[in-house]
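Protein chains: 4
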Amino acid sequence: MLIVMRTDATREQVDAVCALVRELGGDPRPQLDPQPAVAVGGLQIPLPVERIGRLDGVAECIDDATAPRLVGRGRRPQRTVVRVKGESIGAGGLAIIAGPCAVESREQVLRTAEAVAACGVKWFRGGAFKPRTSPYAFQGLGEEGLRLLEEVSSRFNLRIVTEAKDVASLGAVGQVADVIQIGSRNMYNYSLLEAAGRLNRPVLLKRGMSATVHEWFSSAEYLLAAGNGDVILCERGIRTFETVTRNTLDLAGAILARERTHLPVVADPSHAVGVAAAVPAAALAAAAAGLDGVMIEVHPDPRAALSDGPQAVEPETFVRLVERLRRVHAAASGH
Amino acid sequence: MLIVMRTDATREQVDAVCALVRELGGDPRPQLDPQPAVAVGGLQIPLPVERIGRLDGVAECIDDATAPRLVGRGRRPQRTVVRVKGESIGAGGLAIIAGPCAVESREQVLRTAEAVAACGVKWFRGGAFKPRTSPYAFQGLGEEGLRLLEEVSSRFNLRIVTEAKDVASLGAVGQVADVIQIGSRNMYNYSLLEAAGRLNRPVLLKRGMSATVHEWFSSAEYLLAAGNGDVILCERGIRTFETVTRNTLDLAGAILARERTHLPVVADPSHAVGVAAAVPAAALAAAAAGLDGVMIEVHPDPRAALSDGPQAVEPETFVRLVERLRRVHAAASGH
Amino acid sequence: MLIVMRTDATREQVDAVCALVRELGGDPRPQLDPQPAVAVGGLQIPLPVERIGRLDGVAECIDDATAPRLVGRGRRPQRTVVRVKGESIGAGGLAIIAGPCAVESREQVLRTAEAVAACGVKWFRGGAFKPRTSPYAFQGLGEEGLRLLEEVSSRFNLRIVTEAKDVASLGAVGQVADVIQIGSRNMYNYSLLEAAGRLNRPVLLKRGMSATVHEWFSSAEYLLAAGNGDVILCERGIRTFETVTRNTLDLAGAILARERTHLPVVADPSHAVGVAAAVPAAALAAAAAGLDGVMIEVHPDPRAALSDGPQAVEPETFVRLVERLRRVHAAASGH
Amino acid sequence: MLIVMRTDATREQVDAVCALVRELGGDPRPQLDPQPAVAVGGLQIPLPVERIGRLDGVAECIDDATAPRLVGRGRRPQRTVVRVKGESIGAGGLAIIAGPCAVESREQVLRTAEAVAACGVKWFRGGAFKPRTSPYAFQGLGEEGLRLLEEVSSRFNLRIVTEAKDVASLGAVGQVADVIQIGSRNMYNYSLLEAAGRLNRPVLLKRGMSATVHEWFSSAEYLLAAGNGDVILCERGIRTFETVTRNTLDLAGAILARERTHLPVVADPSHAVGVAAAVPAAALAAAAAGLDGVMIEVHPDPRAALSDGPQAVEPETFVRLVERLRRVHAAASGH
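Residue numbers (the working numbering), protein chains in the order written: chain A, 1 to 335; chain B, 336 to 670; chain C, 671 to 1005; chain D, 1006 to 1340.
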């Protein structure tokens, strides 16, 4: 349940709501920004909406999935901007996040980071913990991968985006990541979302491979309701009948996500398309569509990659792409 | 079956192949450009591949759907350019095709055409024959609609793109249309494709709403095999589980269609997205992705439209969009 | 538009409605059964609903796709039964329709028909005109195939179900077919549906490969609105992301089609599943689900089939399947 | 990686493989049944396949997702039978698993259990921990719900199937559940699968809502590779474009899952179809298709249900359904 308070509600009124919720067996999480509200998570019994609604300062009680939400633009006219070490996502620029699918070795990750940083790119991606379909596939370097990402961060002044694949690895990932990625397979993992929502770190939330746009919003809502408002939505392709691409990049879904929420939205054309030859054109499309960023897989030697080689572009291609992305972003946004 | 001849095959050798095919009960359609070949359509019995292969000048016999095709870039390195009255699609520019979903009245169509032409747009779309899901819905003005399109064509020097919904209306449509549109619902209508393939008019072939990219190529192949090489592919959104948009615009599929065939490829973001607020951003994305054109629904009063109102943009929005499209196209193509 | 008359409307009142519709430029098709109504097809301009509504005997004017329809159970409590030469589909039994995908040769078709008839099966399927994805693939024997089907019909007392792939072949097919099949690719071919609706022959309407259940109903509505009430719906698998089967058999969609319309519904597990080993189990499922029939591809030598060999069962498998189908149908229907 | 040993490999040879794997930084999990093998989970670096392959007793090293697997029938001709307190799933009978979507109150759960047990049903389902799309929706009674399930188990001699929604609740659920359910949203939650794989409790693994059949097998493989062979696969409907049903029941996928693995396969028509009126027919279809069981949502008052009311059948409907299920199962299996 979400108990929305009037904008002029006092601290005491919020506290009174929390006290009643606790008395009724709920776990209240008060929020004062962007608007006073009390989210009640992990609800095990329906709360008496009418009784709560009679308390002073309460505007409305929302208890179903189709109602307006914390992520919606209705409740917050200004857009969310995620800021990390002097750089931002969502403030009007085009954030380019680049790096390999997985951190594989010191040499691979440093070579890639050097090429990425040389283009003036500020954000580096790379997975240390990789959820894989097969139990027998390479699952990432784990803690050792995190150490390599720390080295990348300090040597090249790059902000790190890396995935937490479960609650167990979340703490370690949160120490190193500037932005914690929640992957597609975990978009419905509400326990992980609640845990990440209690951290003080921005989260990049990938859309589930068959999640509707509204379900994606609901998963973001878990993060906001738990107290973390620094959320970036990432479209990475949905599953359809088409097999010529790995997934189907749903740019229109991403456009509407930006239209209907106040959160920054980026696209990952590499995972969406899965065919390196089509990644640059798809990335340019995302930039022209007004999204806040793109995430590009770059690998110094795609054929030797331990995962997702066919969709990674080589550093030389990436250099040219960055230039074109900036040109297209400027043309589309009218600068 | 497609009988591919050697590039140095003589006219006599092609004729000999045709004679044998006829003798075997087939209907040969010889082609000299881009490469000598004999397509055998409407095949009712398997032809003896070996016997044909022994004739002079024959390079190979292709008799299944997975083999290389006339539409593929392998057989034709240069790209197809469709030219109509001094304008072209596929020559490097961005063709903007605009107009209402359906021709509804003289006033509606002239007002829209005037607004479109005032932006310097050269291509006009509008349906006179409309295939509709319900037998009780508005099916288009028919012949009267074609007369209005003729008026638009001559008054505003606009090239007309309009749909032929069946073999019966193909002749009348072909008299007025500069480009005959084959709609999504007819992409698998092979009898209509064969008839359109025998006309001397460019064809804009919309992708079926659940057609794979390869099936789309196969439908284009029907047109080329029947003798019509002036084919434009049009991506208009595919059917997926997502309902926040009308269809899912598959830009990556369109990018690959341009990569793997020599045909021009355009996108129809209006039908794909179905939500007017998201159409401009989706159109800009298509322009940045390197496609050869975009098709935009414009209506002077979308709320009064007899079909597809929610996805039509108003003329004022369209004017600004055209400017941005040109800017983004220039930035993306490096001009 | 569909103009529904009151149940006590007189012939004169229906005639008056038709006269007004004609005067307004429409093409009225009066119907007295199951309820007096006037369908107006091929509508080119919106008719004035209010003016028509004021005529005597008019109950309501329906002019959009979401309204109740002729196919719905609301308008017709009793179920439609299709009867051909002493056999019926929709009267409570389980109709088994069997035969090869395509008629390939006299020997193939007679051998299969003999095996089918020996099991007591009364309905034979086999395509003479085959719509194929590739223009170079085998397209059926055409007229010669129809002659072979006539021979099957008279020698084995089998009722023939065969496809009309376009308006051009409809006449010839209608001479031989006891039930005209409209294939998946043609479910949206409204011109073909209107032509078939004017014939006096039962139609088996396959669901389009990505048609919603409601669109399937709308296509059936075209047949009924044109005057042909002898319609059988056939579920043949829908297109989804899954590739282990050829299509995804949507039995629940078929169950609801039977629940919400008065038309008989059959399933074609062969095309749906596309893997012979799974066809018998899927056919038994359809029988237990209460459908009115199943359509099974049988081929004397599946590996030599010119189309769809991998999904055809051999005659020996078919014999055992027929027995199990009858047992399961009896158990499920409580006989 | 999966290191498959020769069938005559000795214990010492298996131990030697484990020692080498450990030395190389891997975490070996030896298995002697059904065939000697060493699974290496959580792999962070590729192991040297050739070096391992030279050890005595090693038959082959499998390190990608497309290779044969522990779940496949190739490695294990006999079918897996899951046995709990004298009842079994997978031994040829039809297991009926029934109960409410969520445990809501003592009265609700006891009334339902009484009705279910009265039909001779031996398996009870009901969720205490419910993953929900919205953070504001009812999330289940948690521990209190588990207590009520214990009471159901002892009072009515019912075996309990209930969901573990995360690693944190797995221990508590495992104390009460006779079969631990892993829900659709968690099919890709590999950390949860690995944890469940290390427990000594049967697991019912629901197919992800957009998981391919092969991905479903891979998730089951995580359980087997971790040491838990008591796995039941549950088809619960996949996500498609169709909206008339909640999901699309993929019975053919379930049939092939039973054909290609040695695991028992059951269907959950309630979640798949989502429309109570169609649940009985869909359940009968699953029984006729040869599946090992069906899972049916029963609620004493569906309109008052806190989750998924529209798909729950009432006890009176359920009683009649159980009888028909038994009749159809007998007819289909030839008893």
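Fair warning: there could be bad hints in the mix.
[Stated by the list, open to error] Derived DEER-like restraints, expressed as beta-carbon distance ranges:
1. Pro412(B) to Gly1077(D): 41 to 49 angstroms
2. Glu150(A) to Glu1119(D): 42 to 50 angstroms
3. Arg655(B) to Arg73(A): 49 to 57 angstroms
4. Gly695(C) to Asp636(B): 18 to 26 angstroms
5. Arg655(B) to Arg83(A): 25 to 33 angstroms
6. Pro716(C) to Pro1315(D): 33 to 41 angstroms
7. Arg1027(D) to Gly171(A): 23 to 31 angstroms
8. Arg1111(D) to Arg753(C): 44 to 52 angstroms
[Claimed, not checked] Covered by chain A, per the in silico footprint, the following chain D stretches (three or more residues, Cβ under 8 angstroms):
9. 1083-1094
10. 1120-1129
11. 1189-1196
12. 1265-1279
If you're looking for bench data, these hints aren't it; they were derived computationally from the structure. Quick caveat: nothing in here was measured; it's all calculated off a predicted structure. Just so it is clear, CB atoms sit at the ideal spot from N, CA and C, and this is done for glycine as well.
Hint check results:
1. Pro412(B) to Gly1077(D): 41 to 49 angstroms: holds (46 angstroms)
2. Glu150(A) to Glu1119(D): 42 to 50 angstroms: Violated, since Glu150(A) and Glu1119(D) (Cβ atoms, about 60 angstroms apart) do not stay within the stated range.
3. Arg655(B) to Arg73(A): 49 to 57 angstroms: Violated - the Cβ-Cβ distance for Arg655(B) and Arg73(A), about 22 angstroms, lies outside 49 to 57 angstroms.
4. Gly695(C) to Asp636(B): 18 to 26 angstroms: holds (23 angstroms)
5. Arg655(B) to Arg83(A): 25 to 33 angstroms: holds (31 angstroms)
6. Pro716(C) to Pro1315(D): 33 to 41 angstroms: The hinted range 33 to 41 angstroms holds for Pro716(C) and Pro1315(D), with Cβ atoms some 37 angstroms apart.
7. Arg1027(D) to Gly171(A): 23 to 31 angstroms: Holds - the Cβ-Cβ distance for Arg1027(D) and Gly171(A), about 26 angstroms, lies within 23 to 31 angstroms.
8. Arg1111(D) to Arg753(C): 44 to 52 angstroms: Since the Cβ atoms of Arg1111(D) and Arg753(C) sit about 56 angstroms apart, the hinted range of 44 to 52 angstroms is violated.
9. 1083-1094: violated (count 0)
10. 1120-1129: violated (count 0)
11. 1189-1196: holds (count 6)
12. 1265-1279: violated (count 0)
Of the numbered hints listed earlier, those contradicted by the structure are 2, 3, 8, 9, 10 and 12.
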